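Asks: Take a look at the letters that make up each chain.
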Amino acid sequence: SQQGEEDPQALSIQEGENATMNCSYKTSINNLQWYRQNSGRGLVHLILIRSNEREKHSGRLRVTLDTSKKSSSLLITASRAADTASYFCATDRLGPKVTFGTGTKLQVIP
Amino acid sequence: DTGVSQDPRHKITKRGQNVTFRCDPISEHNRLYWYRQTLGQGPEFLTYFQNEAQLEKSRLLSDRFSAERPKGSFSTLEIQRTEQGDSAMYLCASSLARVAGGEDDEKLFFGSGTQLSVL
Chain A
6 SQQGEEDPQA
16 LSIQEGENAT
26 MNCSYKTSIN
36 NLQWYRQNSG
46 RGLVHLILIR
56 SNEREKHSGR
66 LRVTLDTSKK
76 SSSLLITASR
86 AADTASYFCA
96 TDRLGPKVTF
106 GTGTKLQVIP
Chain B
8 DTGVSQDPRH
18 KITKRGQNVT
28 FRCDPISEHN
38 RLYWYRQTLG
48 QGPEFLTYFQ
58 NEAQLEKSRL
68 LSDRFSAERP
78 KGSFSTLEIQ
88 RTEQGDSAMY
98 LCASSLARVA
108 GGEDDEKLFF
118 GSGTQLSVL
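The listed protein sequences derive, respectively, from chains A and B.
Under the numbering used here, think of the first position of the first sequence as 6, with each following residue one higher.
Under the numbering used here, think of the first position of the second sequence as 8, with each following residue one higher.
Since the hints were made in silico from the structure, they are not lab data.
Check each hint, because a few of them may be wrong.
So the derived label-pair ranges between C-beta atoms look like this [what the hints assert, rightly or not]:
id : chain 1 : residue 1 : chain 2 : residue 2 : range
1  : A       : E60       : B       : R16       : 31 to 41 Å
2  : B       : S94       : A       : K102      : 38 to 48 Å
3  : A       : A86       : B       : K64       : 37 to 47 Å
4  : A       : P115      : B       : D112      : 34 to 44 Å
Remember, predicted model here, so these are calculated numbers, not experimental data.
All C-beta atoms, glycine included, are put in the ideal place defined by N, C-alpha and C.
Model the full assembly from the supplied sequences, consistent with the hints where possible.
Replies: In structure tokens:
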């Protein structure tokens with residue numbers, strides 16, 4: 006079963022624009038992570054935010070977490086064609102099991 | 008290359024046959040995960056190992072599925088009597104879990120997956 010749902014399911018933007026995708030989850034969490042998946046490949050870890058954190062930055066990535074609303078957002082600034090991929094949020098509760106959302110498919114048009 | 012490797016990359020089989028996939032995690036990683044992913048969906052958790060112990064199994068893992076990690080290093084996932092519904096990408100991931108570990112311990116490192124097609 007999927008713990009999280011990403012919104013939108015698909016997003017198409019021009020190179021240089023910002024991309025925002027959202028994740029909602031169902032139960033209390035310990036950490037929330039974002040991963041990227043290029044077509045037909047494995048997933049690559051992007052960023053982790055702990056449940057006691059509200060915002061985190063890494064390069065062109067900004068993640069926010071609102072535990073009261075059980076939601077997170079991932080912002081990619083100044084997007085590039087190479088950012089074209091699917092993006093998944095992943096959560097874990099108090100144990101090692103990591104559960105992924107349904108994903109947002111991002112297309113960045115050069 | 009010291010990443011997670013999976014073998015084979017692609018497997019085509021006929022319904023009713025048995026298949027086995029192998030995953031070699033990053034060498035110092037003590038946790039190993041198996042996920043299944045169908046087109047347009049996120050990875051679905053199947054099972055995970057802490058060293059050689061299988062600590063959690065999803066209800067998705069029917070009695071036709073079995074996973075092992077005999078020496079706490081590589082792992083195999085076997086599907087017996089395959090069905091067309093088993094067609095999916097099977098992903099393996101590993102992580103390093105330490106008692107006083109930091110954020111890096113929480114990251115999962117994925118292999119490129121095994122794409123299974125059951126005809």
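Asks: Work down the list of hints and note, for each, if the structure agrees.
Replies: How the hints compare with the structure:
Remark: the range hint 31 to 41 Å for E60 of chain A to R16 of chain B is upheld by a beta-carbon distance near 39 Å. In this structure, S94 of chain B and K102 of chain A break the distance hint of 38 to 48 Å, their C-beta atoms being roughly 24 Å apart. Take A86 of chain A and K64 of chain B: their Cβ atoms lie about 40 Å apart, and the range 37 to 47 Å holds. At roughly 37 Å, the beta carbons of P115 of chain A and D112 of chain B sit within the given window of 34 to 44 Å.
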